[in-house]
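*Asks:* Residue numbers (this note's numbering), protein chains in the order written: chain A, 388 to 761; chain B, 517 to 780; chain C, 8 to 337; chain D, 455 to 744; chain E, 75 to 310.
Treat each hint with caution, since some may be false.
[As the list claims (entries may be wrong)] To spell it out: a stretch of chain B is covered by chain C in this simulated footprint if at least three of its residues, at any positions, have a beta carbon under 8 Å from a beta carbon of chain C; those stretches are: (1) 599–605; (2) 659–665.
[Said to hold, decoys possible] Sample of chain C residues facing chain A (criterion: CB under 7 Å; computed from the structure): (3) G145; (4) R150; (5) P154; (6) Y240; (7) L291; (8) T293.
It should be emphasised that the hints constitute simulated quantities derived from the structure, not laboratory data.
Cβ atoms here follow ideal geometry from the backbone N, Cα and C, with glycine treated the same way.
Each chain is listed here by its residues.
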Amino acid sequence: SNPDETSESESTNSTVEEATSTSEPVKIGLVAMLTGDNPLNGERMQQAVQLAIDEYNAAGGILGGREIELLVEDDQTLQDMAVTCVEKLISEEVVGIIGPHRSTNALAVEATVATAGVPTLTGGTSPSISELGNDYLFRIRASDEIFASVAAAYAVDELGAKKIGMLYNSDDYGAGAEKIVAEYCKANGIGYVSEGHNTGDTDFTAQITKMGTEGVDALLIWTHDSELAIHARQIYELGLEAKVVSSPGITMQQVIDMCEPEYIEGWQGVTDYVFTSTDETVQEFNKKFSEKYGINTELYSASYYGAALVLIEAIEAAGTTDRTAVMEALKKTSDLSAPVGVLECDDKNNLVHSVNVAEIINKEPVFIKSISVE
Amino acid sequence: MSSILKASNVTKKFKGLVAVDDLDFDMKDNTIHSLIGPNGAGKTTTVNLITGVHDLTSGSVEFDGKIISGLPTYKIARSGIGRTFQNIKIFSSMTVLENIMVGGHEQAKLGLVRGVFDFKASKAEEKKLREKAEEILNKIGMYELKDKLMKNLPYGRQKISEIGRAMMNDPILILLDEPAAGLNPSERAELIQVITKTHREGFSYFLIEHNMDVVMNISDYITVLNFGRKIAEGTPKEVQNNEEVIKAYLGNKYVTKKKVSGEV
Amino acid sequence: MTKKMKIRIAEIIILLIALLVVPLFVKNNYYLLVFNRILINAIVVLGLNFITGLTGQMNLGMAGIFALGAYASALITRYANISPWVGLLLAIAVGWVIGQCLGYPSLRVKGVYLSLTTIGFAEVIRLMFSNLTDITGGTQGMRNIEPYSLFGFKFDTQGKMYYLFFVITAFGFFIAWRIVYSKWGRVFKSLRDNAEAVEMSGVDIADVKIKAFTICAIYGAVAGALYAHFMGYINPSTFTIDMSTNFVIMLLIGGLGSVIGNIFGAIIVTILPEMLRFLDDYYLITFSIIVLLGAIFFPNGWVDAVVRLGKKTINIISDKRAENGKAVSR
Amino acid sequence: MNAAVLVQLLVSGLAMGFIYALVGIEYTLVWNSTGLLNFSHDKLIMLGAYLFGGTFVLGMGFSNPLAIVLAFVIMGLIGVLIANGIFNPLRTMQSMIFAVMGTMILGRIIKEACRLIWGPAPFAISGWLSGNIRIGKISISNANIIICLVSLLVVIGLQLFLNFTKTGKAMRCVAQNKKAAALMGINVTQNICITTAVSAIICSIIGILIIPLFNVSTTMSNSIGLKGFSAGVIGGFGYLPGAIIGGIIIGIVENLAVMVLPAVYKDVVSFVLLILFLLVKPTGLLGKRA
Amino acid sequence: MLKIKGIDAYYGNVQALKNISLEVGPQEIVSIIGSNGAGKTTLMNCIMGILPVRKGEILYKDRDISSMKTHLIMRSGIVQIPEGREIFPNMTVLDNMEMGSYSVKRSKSEMKAKIGEMYDLFPRLRERKSQKAGSLSGGEQQMLAIVRGLMSDPELLMCDEPSLGLAPVIVDEVFDTFVRINKEKKMPIIVVEQNAYIALSISSRCYVMENGSIRISGSSDELIVSDAIIKAYLGG
Ligand SMILES: Nc1ncnc2c1ncn2[C@@H]1O[C@H](COP(=O)(O)OP(=O)(O)OP(=O)(O)O)[C@@H](O)[C@H]1O
Ligand SMILES: Nc1ncnc2c1ncn2[C@@H]1O[C@H](COP(=O)(O)OP(=O)(O)OP(=O)(O)O)[C@@H](O)[C@H]1O
Ligand SMILES: [Mg+2]
Ligand SMILES: [Mg+2]
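One chain only, chain A, in its complex shape:
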């Protein structure tokens, strides 16, 4: 009704059209934590996404020969920074955004991406993300719900646990998993105790000792890299005898490297991704990645490589850089093979539906099996 508004939307439309007709690069944004407390994860994200984009560009680009350009912004793992980065990328007219990683950051940017209508692919694993009903927010890792219930089921069914002890980080990542495991144990009549810790804690004696006195026979640990490594040492030193199933971190080189072999021998980890999997896609990806960067792949690189693949394929499928069209194409994703498994978008915008279990044998994560959940 407002003449100003119409002319405005027209003008934006025309710029988009213009862009299509010329062979300007297609812009994709990445929000990663390059500084702050978790810079390693951010670096892996960036490396993987860049790798995917380089491959497409080397193969002649997309949408009939257009280059893909990656715009990277650092969110320091802070929520307001994540929002700032997303707004910045939106204003730079990216077609889609990869990241931000943490669930909290994904939740923080959720409203912004919905209003702006820009497809966003996050690796935040909190179950609440799929409850948002946000059409534009996609998830390229399995939900914690899946991870945690697989871990609990694995401990009970395969390891024969009678009483499960859970050590979890009190942030949304660990606390979310804790809730699921607690429900699982209650539903299945399994004994259960849990103790939390905060990010940055360095001494878990009290929690571990408590697990010992409670007599748990399987231990679930849900926390971030450095806390996980310290847990491994202290569990070993305190002589707690229990089977351990851990959050994905334990399958990652950087965590394994921080432990002496005996600390984690025989630990199991549930993860999106194990680079020792015999799966062809995984092997190929690991080869490409380690050739370029000289390191093995882990879940951040694998997940976000997958994210880049889906987004680029969706743009290609949509045949345009129009964000809504890309969003719709993303929703139609199916049967796309990526290192983290076969990607298929469900009605809650989840793309990944399987998790792997790996066992650490002599500091090497050995792929045991892949479990699919519908």
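Position chains B, C, D and E with the ligands relative to chain A; hints supplied.
*Replies:* Here is chains B, C, D and E with the ligands on its own, set in the frame of chain A:
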């Protein structure tokens, strides 16, 4: 004459050390009363006891007919006592005028909220405060320095400014702790003028000073301390002829000097 | 003096008008978002100025106050299902309470001890919010915090919020200005130099210190409340020591005690890292180095440094002119 | 909970306590001799660990003793740099806020620099002080035992140094009145350099000792920085042995608190303890602050 | 001994000393008087290198010390007893005194003897030897400052208002001591004093400062009877 400041059996102990020992004195209204004595005799401690900086070990202090010992410093100040400090205490990063005006903070009654929103009242109040401060600066001969930063003033000026700050709070009694230290003879004369003039206008002074020119010239009455105890009191004439005071405090040279100049 | 004041006031009015029309020209949400963050930060710094700038006590717990404001407003809007404006009032009340509570330790502990107390306070607040999961949603944070609305008009875009925050910040600026340049500001400042002398002037320093802390906390809590409704999502992990430190950096860069400086400090510290983003990996370290050098070389704040530089050049120019004039007359 | 658990908690608390103590000692040293607080101190600890582990052991393959010595040398030099570049210019400014903020910003710079130099990946040094001792059901790691010994040595050494050597006494003078110290013939600038260098070296000692416990990462010392500071305050700031008492108290109280409170409130307990101490007894347990 | 040639010094942009020249011979007591803010303390600070000199030179034993560091100037033998005491408040009286001899090496017994000598000068300090210096009375602090300055056996002593806050009888003693030390140890002394009468009576020569420059200088015997001086500085 009624008494304005009265100390009865005032004692102060620092751990083992008795700094003020059973001190009694009675300062009359509208006088200049001096407290002298050797270094470490307990003079500054006495002033700190009067103003509530230290708690009394025993005894009591009475001001204007009311017991003030035990009250917090700010209440004592509000009851009408101002003071200066031996080791100057100034607001070094503020201007001279601001320094003086802080002294009048309590006199300006406007609260925070009204101060923000009532433009007229706050402006009027500020103006009143400023004018009063300027008037006082005039009195102590520092008007020209009013916009200078306090820390850039020489020591002597900083000392005198403290008297001005004390006056802002409309005290009846001002306690001066060695005001003349660091002043040269002509400046000292100025100081004496400031004190005597304001004394005539109604301020009473309780004075600690090592400079006998100042003390003997302007005091109405003198109390002498040594090792925390009162060893003598009386008019300047009486005190400077007291054998014990001469021995403990004034020294023989003082007597000879006085003799030479024929004042005794 | 009065003439100077008039020029100042004129300057401020021009600045206000310029800032008011910003959204008419800036259509970029990113810029508006950064402006909004500046406005919120500015409110915090205006408050912090009373404690750290004027009375000279190091408050490193601003993030805790900010968090309390944010959560108070978000929680009451959520659970009592009432307008965020009531949340804002609650934040003011909360600020008042914190001020009274934090003011008390400031009577007993000074200097670095106080900064430590305030850090401890902020950490305790943060950990409480993270772990009181049932009420605050814990580390999941609180989502869908309603935006402000007025007579049915919703402040739900960056542009609209800009106006709202602008008005509130301007009001906050006005109050801060009035207080700082009144007898209260003067007595706050004098406390920094020598508390005993202030007390001897009949001032109840306990009362004054608590007043300063209360003003500071109210500003902090109000800013926190605005932040909650601005972001729509809050999470305890935002309110860290790093955040408190940032506020103090803003204060330093603006210049301790200067109200206009507060605003510029907030502007510089919020915008500078954004402007340095082109340096990629090096942007944060560059920013920190710039700030450190600033603290060493412009101890009175950048605003003061610029003003001085300006005056110097004007002086040089006018000197030159005078010389030229002389030369001509000769 | 049985007795063995209690003893285990006490022992681990004691072990953590000594780490806090060592950190507190270092804070106290700088405070005593420069009148400044070094808030970049946790980052210096991290830097020490990176230099030792990242550069000298893993990067250059030196033997551990050589690596330690080299780390000390470099950290000492960095200390001198900090003294000249930051402490000396900032200490004379109108407010101590500048010095505090200066060191805080310095901490950020060090953190970023470490990330840029050594990369974002955390790492461990295999075999370095690892292993633990078990006595019955009680376990304590070797690193912790060494930390206890070292902190005692450091306290005794510093105490002797400060009270019985001229340089040590000069440090105290410099902290109290720099102008007068210069008038006594004390080289103030040099003195501050020495202090900062010594404190940087102590930081690297801490960093090197905690590697087996926390590994090397940019966040390795985040929690111990503040707790160490609290240890200093609780024990009585300015009094070195106090830091040990304070550290032990925090370590034990926060571990025992887990018996009655959820473990996530561990940090809350230590900060509440700190605030209570500041309010009730600001001089600390053993302090005699003027 | 000490020769100052035309020095200028500034606080920021404000010139505090203007072309000051001054001389102190061996074994001489020189006094400097002048009103508040004349620049006396500033001059002392310039000699000690606390405030940088912009122009001119300061020769001590024919060596230019105008750009030397404070502690080196002190070690070359010049000791300043600073205005406002500047003691170390948190150290004991004894520690303060020991710090006074930081720059000289002494054996334990020599140190003890020296400290004993100083206690004899001010017996009050002996009574207070293990008290924190910060809690001393003003005059006691002044005594401590004087004693601390004497501890290092200076070759040239500069006292900035040594009589500040001292009781009359002590003031007399202090100046007697200065005269005695000057005679016994042949130590030149510069005294800055507000108490112009005493200053003039113990010194051989005197400089009168005003607004950052030296206005009058001459022998003390002459100045003490000069009308201008009596009027301005002796309260005549
Ligand atoms: N806080 C304290 N602790 C211990 N002793 C103290 C304290 N304050 C003062 N004293 C001692 O009490 C005595 C009296 O001190 P006071 O300052 O009252 O002396 P005074 O008469 O003012 O001397 P002066 O003329 O030198 O200023 C001194 O010997 C001093 O050392
Ligand atoms: N730190 C400073 N910054 C700026 N100006 C200063 C500073 N210190 C002193 N001044 C100014 O320098 C001038 C000389 O001061 P100085 O202290 O040398 O005087 P003085 O003769 O020692 O006086 P007094 O007898 O009071 O000690 C004074 O006008 C004073 O205002
Ligand atoms: Mg006294
Ligand atoms: Mg002087």
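*Asks:* All hints, please: hold or fail.
*Replies:* Hint by hint, here is what the structure shows:
{"no.": "1", "hint": "599–605", "verdict": "holds (count 3)"}
{"no.": "2", "hint": "659–665", "verdict": "violated (count 0)"}
{"no.": "3", "hint": "G145", "verdict": "6 Å, holds"}
{"no.": "4", "hint": "R150", "verdict": "6 Å, holds"}
{"no.": "5", "hint": "P154", "verdict": "10 Å, violated"}
{"no.": "6", "hint": "Y240", "verdict": "5 Å, holds"}
{"no.": "7", "hint": "L291", "verdict": "5 Å, holds"}
{"no.": "8", "hint": "T293", "verdict": "12 Å, violated"}
This entry does not satisfy hints 2, 5 and 8, going by the numbered hints stated previously.
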